[in-house]
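Let the sequences and hints guide you as you build the complete structure.
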Amino acid sequence: MSKTKLFGLKTVIGLLGLIIILTFYGSGKEVNAAQVDVPPLKQQKQSPDPSEKVYTPLQQALKQTFAKRSRSGLPGPASVTYENDVAVTPKPQGIDGPPQEFIVTAKTVLEFDNPKQAGLDKWPDTIVADHPFTQGNGVIVPGDYSDNIKDFLAAELPGIWDQYEFGYEPRRYIFRETYKITYPAESAPKLPLPPITTADSTTVKEIVFGFTETGPRIDYTIDEEWEECFLGICVTLAEVKAGLALDWDIGLRLPVDVSMTSANPLVFNTSYQLSSTITPLDWTAAQFEQAGLEGANGNEFLLRYVVFLGVQAEIVGVEAIDWGIDAEFDGSASFTTPFGPGTSFPLPSLELSPAQTGLQWDIVPSILSVGIGLTINPSLSQGEITANWQAVPGSDAQGNGSLAYLDPPAKTTFGPVLAGDFGSTTQAHIRLDEFQYGFDQFLLELGGFLEIEVLSFDAEVADFDIVELELDDISDGPWLGVHPETNEAVDHWVEVAEIGPTTDGVIYLPLIRR
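With the working numbering applied, the sequence shown closes on residue 1391, and no number is skipped along the way.
Hints listed in this document are in silico derivations from the structure and should not be mistaken for laboratory results. Every residue, glycine too, gets a C-beta built ideally from N, C-alpha and C. You may find that some hints are simply not true.
[Unchecked claim] Straight-line distance between alpha carbons at most 30 Å, and here's what the computed DSBU-like set of lysine-lysine pairs gives: (1) 1118 with 1027; (2) 984 with 1027; (3) 984 with 945; (4) 1118 with 945; (5) 984 with 999; (6) 968 with 1057; (7) 999 with 945; (8) 940 with 1118; (9) 993 with 940; (10) 999 with 940; (11) 999 with 1118; (12) 945 with 993; (13) 940 with 984; (14) 1118 with 984; (15) 940 with 1057; (16) 984 with 968; (17) 1082 with 1288; (18) 993 with 1027; (19) 999 with 1027; (20) 1118 with 993.
[To be verified] Simulated DEER-style distance windows between Cβ atoms: (21) 1213 with 1302: 30 to 40 Å; (22) 1018 with 980: 30 to 40 Å; (23) 977 with 1213: 31 to 41 Å; (24) 962 with 1277: 50 to 60 Å; (25) 993 with 1021: 18 to 28 Å.
What follows is the structure, encoded as structure tokens:
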């Protein structure tokens, strides 16, 4: 462990908020950050219980670190206190899902009688570097503030340096955290896609397979104060405020055209084989919006996050740092829906270090630093597409079954469909529904971490998978269903006649019911 630092602590906080939520669900328990298992996505969306004791990720990592050092016979702080509060705003009555918003506030106080309790021989100098910790905008006043601090304490706490040597005095650190998590509003209502019916009795409609997971809006702030106390009097030497705002979404939207063709008209007491084809599509933003989904620049694969980070630091009355950054990542991709032998998903794996994401900085050297990294590992391969068909009861046709599409643009036939006088209409109504997009393999892993180093206690922690989406999380089998809030079926109507076309090309009218 470096002797030039105070004492070090690293904790991994989930980049996308699911880890934050996970922490609240594990409330009241001692958690080793290196052994936390992320529960299934559906479980993560449960509401936290405000009556339970909760610990923030920072507090959990501190508890873990202090327990580990105690077991090893190493010194720790003279005093540690944790305070927490949870406020939950439920969704309106009748709406399922996670709460509309919840806020967690926490306070942690660490007190040290001397630097040896921090594993150090002497407290390090307080230095603000003369270069920004990352790309951004603002003001930094560099310099060594150690003498300023010593003089400030001599003026505010007379006699302190008669009892203590500078760099060996008691210290108190206070951390105040606020998490605010706001869940996304309900999806916008879909706009109907009009069917295309041609003269040869072919109906074409669009179907979109997939899902979209939109992350909750995360707002996190941490406020650190460094105090010196002498003869019962405490003064604040430095205060650092850092804020994080995070929004994200991940999704897969796979549009196709589905056609259904039949004879025209169908003749009473006659069985027919109908045909259907699937044509893969690459949609524009306008087409996604017409289907009731976000346009998202026409991307079939969605992977985006937006992060704001701001830092302010005041040391003995000097505004040493006022700096902020806005960072965005968009790994989304537009492509034609993969379908058929030899097709694949053009989704490469990505690994972005904190330096690559631009989310890495040293807020106050040896006291507080933060970095965010991101990994994306998609593993997808397409199988077959299946659907169910039926002659809708009440129309002039009977029959039902299933069909599989294997290779565009080859036609898939299904039947038999029996035409007859079965209802009060003069039409047969045939429906394709229960579409399923099969996968031979499906795994989407999104990993990331918010790495906070506070002082110099070094907790060995593992990287977290923020989201690990398997088909079991979003489907009941090795397939992907129709995207929620979009068209689910293809409906085909065709006339049913008592007698079919004659050789002279005249089509006789269907039987008129009385």
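Legend entry - Non-conforming hints, listed in increasing numerical order: Violated hints: none; all satisfied.
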